[in-house]
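Undergrad: Assemble the complex: chain A is given as a structure, and chain B must be docked to it using the hints.
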Amino acid sequence: MPHALHVAFVAALLLAVVAHAALAKSLTGDRVLAVVGTPTDADKYTTLLNGLKGRGFNVQVESVASKSAQLFSYGERTADHLLLLTTKPLTNGIAPKSVIHFVNAGGNALIATTKGLSTSHRDLAGEFGIDFEDALLTDEFYGDRNATSVIASSRVVAPTAIIGAGKVGQVAYRGIAHTVLATDNPYLLPVLDANPTSVGSKRVAGEKVRLVSAMQAANNARVALVGSLDVLADEFMAVDHRIHATAPQFGGASTDKLSNAAFATELLQWTFQEKAVVRAVAPMHHHVGGTEQHDMYRIKDEIVFNITLQEWTGTAWQAHLTDTLQFSATMLHPYVRHRMPLALTTAHSAVYSTYVHLPDVYGVYTFAATCNEPGYSHVEHKQLVSIRPYRHNEYPRYLPVAWPYYVGAYSHMAAFVVFAALWLSRTPVKAAVGEVAGKKEVARSATEELLHEEEEEKVAAKGASTAVAPAVAAVAAKEGRAPGSGKAKRRNRAG
Amino acid sequence: MAPSAKKSSAVSASAVSSLWSHYVATTPAHLKLIDIYLVFLLYSGIAQFVYVLLAGSYPFNAFLAGFGSAVASFVFAVSLRMRSNPENKGKIIWNPQQAFGEFVICNVLLHFIVIHFLG
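Residue numbers (the working numbering), protein chains in the order written: chain A, -5 to 489; chain B, 14 to 132.
Chain A with its partners taken away, still in its complex shape (with noise of 0.2 Å):
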């Protein structure tokens, strides 16, 4: 495509995403299903539920027996958003295999729970490798003395993608934790941890307590797991509650402001897809020096990948800066792979580029280019090329190393050009040709007869015709006839 098409095409899309976000501020929909225990209990998250209905959220608050709590009719998706606040076994609408397909299909999910929770939220959060405990936690330094189930932690071990920096400072927080089942999945992500003095079951303590874990899954939905329902209820998010610290002379909990109502914020917004949302767009790959995309380049070939990243922030796409966008050409196994540094920034999109210098296996190879920052959406773009051997005109020539061979054949040239020069200046005209040839002979057969007075001899009895011919030619050339005749009347002589 053109240059400036392409710039037209892309400013295109762009507008048309900006004038969508006027809308609503999530990427996936703004449908929200919100899973109560009882009718009543949607009257303790009225700050959380408020919140995002003044986002653009369209919340549908159901409790978790009724019939009406459902993510799909008729194979698809009835909401865009699941919130779970409730201990109770989820059924029908809402089990564990309906949630996970409601992932699977793209939906988020976020699922709190606390102690005394079903079977069914055990079911649904191995299906995320996570292990809830069920013993409320407790810390005699990080915690409410008046309550001593409360804990505050500030450890928030979050990728800056979820919770931005500096944004959550304490946060109160009664409930469970859990424990990660696959300390090596690449999805799972931290997003609070309790402090090292806080103490739940016997197996779970210090430093391996987590209280928060989010999951980017590979199809780019979010699940946030978090182990407490009052860190999200109105009241550890009202702007004056204050957590009566146990011991502030010996450190631990603070009695400044909380930031339960921030960290609710922060994780709902990257949990339903309104920030830290990226894309790769226009993804471009050409010769050195030219314009045109092909699907087929020659081993050795140098080109030029392009792609460009965007990141949402809730209003607007804007660039998305990172140093882990990786390009790689693969047939089998990646024969290129190395970062793409960032080339081009524009108030809405950052542009990457790199050049490629191609591998000399030829085949099929695929063009893949991916960015898997922790928190962010996996970007993975992936395009087929073919990559064709040499043409029989395309293979280098005069090699250095074949040198000698070169100046061999031109000397050879050259010598039998020299050579034909000399010969043919040896006799200039074809009646001379006797004439000289005679005369050499003339000249030898008188140094033979110096030299050699019985070899001659020998010779002339051997051979009648190099004796007789000297003596024949030196006559003819006397008499100025030309060879060949004097060779007849000499054959005719003979024969």
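Note that these hints are calculated values from the structure, not bench results. Please note that the accuracy of each hint is not assured.
[Unchecked claim] Here are some chain B residues pointing at chain A (derived, C-beta under 7 Å):
| no. | residue |
| --- | --- |
| 1 | Phe53 |
| 2 | Tyr71 |
| 3 | Gly79 |
[Claimed, not checked] Computed footprint of chain B on chain A; a stretch qualifies when at least three of its residues, placed anywhere within it, have a C-beta under 8 Å from a C-beta of chain B:
| no. | stretch |
| --- | --- |
| 4 | 390 to 396 |
| 5 | 405 to 416 |
[Stated by the list, open to error] The following label-pair restraints were derived from C-beta to C-beta distances:
| no. | chain 1 | residue 1 | chain 2 | residue 2 | range |
| --- | --- | --- | --- | --- | --- |
| 6 | A | Leu393 | B | Val29 | 40 to 46 Å |
| 7 | B | Val52 | A | Asp289 | 54 to 60 Å |
| 8 | B | Val52 | A | Ser380 | 51 to 57 Å |
Using N, Cα and C, we set each Cβ at its ideal position, and we do this for glycine too.
TA: For chain B alone, coordinates are given in the frame of chain A:
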């Protein structure tokens, strides 16, 4: 032993020198010209062969072209020498002009092919 060794080396040395002097004296100039050309082609061929033994045969077509050019040029020049050597007058079809013409045609063809095969 020493005297006989000296004598044999002296004999061989004198044999070579007498061969050389006989050659210089009895060979016509045009045949000596061909012989110089032949010696040059011989050295060129030997040099290329030694080079391919040392440096490997990577552009094998280039080696074949260069070495083949030397060998074929040598053969054509030998054929010209035979056809223009006066000692062969009665033994073979003896026509120096025709021989030289054939020599030129063959060499032109040969170098055309060699340039194309040289790569």
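Undergrad: Does the nearest C-beta of chain A fall within a distance shorter than 7 Å of the C-beta of B/Phe53?
TA: B/Phe53 check passes; min Cβ-Cβ to chain A is 6 Å, inside 7 Å.
Undergrad: Count the residues of the stretch 390 to 396 of chain A with a beta-carbon closer than 8 Å to any beta-carbon of chain B: does the count reach three?
TA: n = 4 at 8 Å, threshold three: holds.
Undergrad: Given the range 51 to 57 Å, decide if the beta-carbon distance of B/Val52 to A/Ser380 lies inside it.
TA: Taking Cβ atoms as reference, B/Val52 and A/Ser380 lie about 55 Å apart, which means the hint holds.
Undergrad: Look at the Cβ atoms of A/Leu393 and B/Val29 and judge whether their distance stays inside 40 to 46 Å.
TA: The hint (40 to 46 Å, Cβ to Cβ) holds, given that A/Leu393 and B/Val29 are roughly 42 Å apart.
Undergrad: That 54 to 60 Å hint for B/Val52 and A/Asp289 (C-beta), does it hold up?
TA: 59 Å, holds
Undergrad: Check whether three or more residues of the stretch 405 to 416 of chain A sit with their beta carbon closer than 8 Å to a beta carbon of chain B.
TA: Since 8 is at least three, the answer is holds.
Undergrad: Does B/Gly79 pass the interface hint, meaning its C-beta sits closer than 7 Å to a C-beta of chain A?
TA: Because about 3 Å separates B/Gly79 from the closest Cβ in chain A, which is inside the 7 Å limit, the hint holds.
Undergrad: Can you verify the interface hint for B/Tyr71: is its Cβ closer than 7 Å to any Cβ in chain A?
TA: Because about 6 Å separates B/Tyr71 from the closest Cβ in chain A, which is inside the 7 Å limit, the hint holds.
Every hint from the earlier list agrees with this structure, and none is contradicted.
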